[in-house]
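Note that this note's numbering has the sequence shown beginning at 1, numbered continuously upward.
Please keep in mind that the hints were generated in silico from the structure rather than gathered at the bench.
Note that the coordinates shown come from a computational prediction; the quantities given were computed from them, not determined experimentally.
C-beta atoms are modelled at their ideal positions from N, C-alpha and C, and glycine is treated no differently.
It is possible that some hints are incorrect.
Said to hold, decoys possible - Simulated restraints, written as ranges between beta carbons of each label pair:
| # | residue 1 | residue 2 | range |
| --- | --- | --- | --- |
| 1 | A43 | A106 | 45 to 53 Å |
| 2 | A43 | A115 | 17 to 25 Å |
| 3 | M50 | A11 | 43 to 51 Å |
| 4 | Q28 | T96 | 23 to 31 Å |
| 5 | A106 | E47 | 30 to 38 Å |
| 6 | D97 | D68 | 43 to 51 Å |
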Amino acid sequence: MMSSPASAPFAEADAFSDALAHLEVACQHFFEALRSERRALQARSPEGLMEATGRKSKAAQQLKAAQDRAAQAAEDAGYGPSMEGYVAWALDHFETDRQLSARFNAMLDLMGQCARANELARQIIDARLASA
1 MMSSPASAPF AEADAFSDAL AHLEVACQHF FEALRSERRA LQARSPEGLM
51 EATGRKSKAA QQLKAAQDRA AQAAEDAGYG PSMEGYVAWA LDHFETDRQL
101 SARFNAMLDL MGQCARANEL ARQIIDARLA SA
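Please build the complete structure, drawing on both the sequences and the hints.
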């Protein structure tokens, strides 16, 4: 059964939303892994750090898979096969959908928090190495 032209925007929004849902979950897992890594670093717990590093590695793989899924969805919608294509897709089509826009912006904020948390962990490691 062929979809009608009127249903095409809904199918596109569903594809975008599905990819976004995977990104949201993956970003949250990655952020939680970074927080556990920071706690282990601050506690100077080698065992905790090994566990946190394993969680971080798995979460990074999940995040990469979610980014690949978003890139594929963007390519299927006629955009570049990358996260940049996914962002362009968002900017072109979803500014009028407040719910998708709010979710997308929240996911971008969480990605920024992940970057800051990762940088903080690097700084803690650098400080520990400098004092050793």
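Numbers of the earlier hints that this structure fails to satisfy, in rising order: 1 and 6
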